[in-house]
Amino acid sequence: MAFPHLLILPLLAIGDATHVTPKHVGAPASDLLNGRLRSPDPTAVGRPFGHAMIPIEFDDHGNWRRKIPVPTSQHLSLVPIGQKCHEWDVQFMDPNGQQDGPDWTHTPGDMQPFLPQETVRLDVRYPIAGDWEVSISDGEPGSIGYLLIRDRSGVALQMHPTSYASIVGQAKTVRVALTPVDATGNPIIDAVHSFSEGLDITRATMSWHGPEGLIVQEPMGRSGPWLEQSFTPGTNGPHECRLQIEGIDSQGNQFLRTGIHHFHAEYPVEITGIATRELDEERLAIDLMLAYATERPTLLLGSEVWSLGTGGLQPRCWIGGICPVEDGRVTLVLDRRWLATEGGNGESLTLRSLRIASPHAARPLLASGPVDSILLENTDVPMKLDLNSSTIHTMRHGKGDLGGFRIPASTRSHPSRSDRYGGHNLMISHGYCSDADSWNPTDFTGDVAEYINMFQNFSHDEFAQDFISFGSQYKSYGLVGHSQGGNAAVHLYTFYWSGLDWAGNGRLLQCLGSPFSGTALAGNLSILGELFGFGCGVNYDMTYDGAAEWLSYIPTSTRQNTWTWTSTVEDEWWSYDYCHFLTDLVLWDPDDGVVENSEGDLDGANNMGTTLGWCHIKNMTEPREVDDTNRSGEMDTEAAR
Numbered sequence: 003m004a005f006p007h008l009l010i011l012p013l014l015a016i017g018d019a020t021h022v023t024p025k026h027v028g029a030p031a032s033d034l035l036n037g038r039l040r041s042p043d044p045t046a047v048g049r050p051f052g053h054a055m056i057p058i059e060f061d062d063h064g065n066w067r068r069k070i071p072v073p074t075s076q077h078l079s080l081v082p083i084g085q086k087c088h089e090w091d092v093q094f095m096d097p098n099g100q101q102d103g104p105d106w107t108h109t110p111g112d113m114q115p116f117l118p119q120e121t122v123r124l125d126v127r128y129p130i131a132g133d134w135e136v137s138i139s140d141g142e143p144g145s146i147g148y149l150l151i152r153d154r155s156g157v158a159l160q161m162h163p164t165s166y167a168s169i170v171g172q173a174k175t176v177r178v179a180l181t182p183v184d185a186t187g188n189p190i191i192d193a194v195h196s197f198s199e200g201l202d203i204t205r206a207t208m209s210w211h212g213p214e215g216l217i218v219q220e221p222m223g224r225s226g227p228w229l230e231q232s233f234t235p236g237t238n239g240p241h242e243c244r245l246q247i248e249g250i251d252s253q254g255n256q257f258l259r260t261g262i263h264h265f266h267a268e269y270p271v272e273i274t275g276i277a278t279r280e281l282d283e284e285r286l287a288i289d290l291m292l293a294y295a296t297e298r299p300t301l302l303l304g305s306e307v308w309s310l311g312t313g314g315l316q317p318r319c320w321i322g323g324i325c326p327v328e329d330g331r332v333t334l335v336l337d338r339r340w341l342a343t344e345g346g347n348g349e350s351l352t353l354r355s356l357r358i359a360s361p362h363a364a365r366p367l368l369a370s371g372p373v374d375s376i377l378l379e380n381t382d383v384p385m386k387l388d389l390n391s392s393t394i395h396t397m398r399h400g401k402g403d404l405g406g407f408r409i410p411a412s413t414r415s416h417p418s419r420s421d422r423y424g425g426h427n428l429m430i431s432h433g434y435c436s437d438a439d440s441w442n443p444t445d446f447t448g449d450v451a452e453y454i455n456m457f458q459n460f461s462h463d464e465f466a467q468d469f470i471s472f473g474s475q476y477k478s479y480g481l482v483g484h485s486q487g488g489n490a491a492v493h494l495y496t497f498y499w500s501g502l503d504w505a506g507n508g509r510l511l512q513c514l515g516s517p518f519s520g521t522a523l524a525g526n527l528s529i530l531g532e533l534f535g536f537g538c539g540v541n542y543d544m545t546y547d548g549a550a551e552w553l554s555y556i557p558t559s560t561r562q563n564t565w566t567w568t569s570t571v572e573d574e575w576w577s578y579d580y581c582h583f584l585t586d587l588v589l590w591d592p593d594d595g596v597v598e599n600s601e602g603d604l605d606g607a608n609n610m611g612t613t614l615g616w617c618h619i620k621n622m623t624e625p626r627e628v629d630d631t632n633r634s635g636e637m638d639t640e641a642a643r
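For the sequence shown, my numbering gives the first residue as 3, with consecutive numbering after it.
Just so you know, the hints here were simulated from the structure itself, not pulled from any lab data.
Beta carbons: idealized from backbone N, C-alpha and C, even for Gly.
Please note that a few of the clues may not be correct.
Across the chosen pairs, the derived CB separations fall in these ranges [to be verified]:
1) Gly314 x Ile190: 38 to 44 Å
2) Pro221 x Arg68: 17 to 23 Å
3) Glu574 x Pro221: 25 to 31 Å
4) Asp282 x Asp629: 49 to 55 Å
5) Ile190 x Gly64: 39 to 45 Å
6) Glu572 x Thr447: 27 to 33 Å
7) Ile191 x Gly171: 46 to 52 Å
8) Asp629 x Asp374: 48 to 54 Å
9) Asp573 x Asn507: 53 to 59 Å
10) Tyr423 x Trp106: 57 to 63 Å
11) Gly275 x Asp573: 58 to 64 Å
Required output: the full structure, derived from the provided sequences and hints.
Here it is, written out as structure tokens:
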């Protein structure tokens, strides 16, 4: 429904620019108690790596040979990858000298849409444990490739930074250990107990790469069951930490694992002062004066608000949002009705766990981490409360009266005119790096606005702003997003005023195959993309770490307005099934070929379950999930517009 109390319209197209008004986000203390708006613990986030990606380096004769340690397992998969790998002569030999067998299956396949190349995958049921030999000939002399290995032995590599802050000139530490996992990739016991039971890393090499290429490569130091290494980035920009290990399990079997951690080094900002001012009888502005922030157009803010009252000094709410930087200043807005609603009296008003981040992947920008505590002046609390739907909406989103900023206006033309200019539409969107072959507009009824921006690599914030620009021609809309389109829809509704806030009754945000908690493909396949010069590059928002930081700014009120669906292959009992024969080696089951089902659910949202017999996109073993007309029909019927 519309909320007529807003003081201005949320969007205004002016010439070649669109004006954007950020929301001033508020959430109850329950969002702190359930952990949704608290900074995530890196040790609890990163998904374990169950595979290895081993470099292939051809000699001057186009040959490569290596022994691969394989542990006891039920299933071994190997995929050679490289330029013209379909022309390679690839030979595998088990520890008994066998080069084939009744349980060996060679499957030719196309690695599209991820890589423009055909190859052959080898699957071996119940492989013999020991050293396997891989020999490849007929390669391009001096060229490189990769051998992708998945042994499914139930042992995974855990890899995480000790802090999500990646600051230029400040050491960044990454730690790794081994742990047993279940079939979905969830650790069964922690690293300490795993180490005591015999899981150990016997050899490890970590390399750090920055904008200028390889920076340093050396062995790692030990800290209990963990191996760790620190690196100090000297410049801002994209970096990655690559790891290759040899390990041993409790039975004495050896194996290989590799991992990669992507991060974007940032120059920090610094809080130099703080002041408060009353905006009106309900709202208090909290101005943060910053150093080193003038080059940044916007910043992402978040803070707990504590106050004396019922129960003593307690958390009363959370406030945050994306804020324009004006003269080195950013502003948090506290609707003091939160204090009254949550039992606070306004005395000993305190900000706790204050965070400042880039709007892109919520990258932390305070060198020392979140500010533990800032004591503000006492503030008055509104005496009268009328908690109707309009009031609660204002407390959650703000009033939209404090200005904003401009973004470029949309110049894209429609592939079709099934929408209605100035009307109430249903917007449908593709995801990351799409070729626009996504939703079929004819599967939806009424006025349908098809958003298309092909082959882009947007952060969620850039994607959401592009929605705003495109949607400025409509009075209102609901959003159906596929893949990252769902993440961007959630970001849009959380942080910006848009046509979503003027939509009628129905499901506001509907998301299919959206990697809310991240996907391994956002980073792992980037190495292969470099090899082929193919793809759209790393997307930090959709890495597991970036997704965890981003989600820690998404309140329950947004999640409750979100409906999510996932898909996976229909697994027959007599065969080993997967959506994609390359990504199957990287993802944990069940998955849709791009997103693991567990990461496609959003905590606190309306999770509608997993549909069998569909995969993420085309060129997979099942039809693409956007073609499930039963599901899209429900989305169409239930959508807000």
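Hints and how they fare:
With their beta carbons about 40 Å apart, Gly314 and Ile190 fall inside the hinted range of 38 to 44 Å. One distance hint, 17 to 23 Å for the beta-carbon pair Pro221 and Arg68, holds here, with the actual separation near 20 Å. Between Glu574 and Pro221, the C-beta spacing of about 45 Å breaks the proposed range 25 to 31 Å. The supplied range of 49 to 55 Å is met by Asp282 and Asp629, whose beta-carbon atoms lie about 51 Å from each other.
Judged by the Cβ atoms, the range 39 to 45 Å given for Ile190 and Gly64 holds: they are separated by roughly 43 Å. For Glu572 and Thr447, the Cβ-Cβ distance of about 29 Å falls inside the hinted range of 27 to 33 Å, so the restraint holds. Between Ile191 and Gly171 the beta carbons are some 38 Å apart, a value that contradicts the proposed interval 46 to 52 Å. A C-beta distance of roughly 51 Å is found between Asp629 and Asp374, which places it inside the suggested range of 48 to 54 Å.
Between Asp573 and Asn507 the CB atoms are about 38 Å apart, so this pair departs from the stated range of 53 to 59 Å. The beta-carbon spacing between Tyr423 and Trp106, approximately 60 Å, falls within the hinted interval of 57 to 63 Å. Between Gly275 and Asp573 the CB atoms are about 59 Å apart, so this pair conforms to the stated range of 58 to 64 Å.
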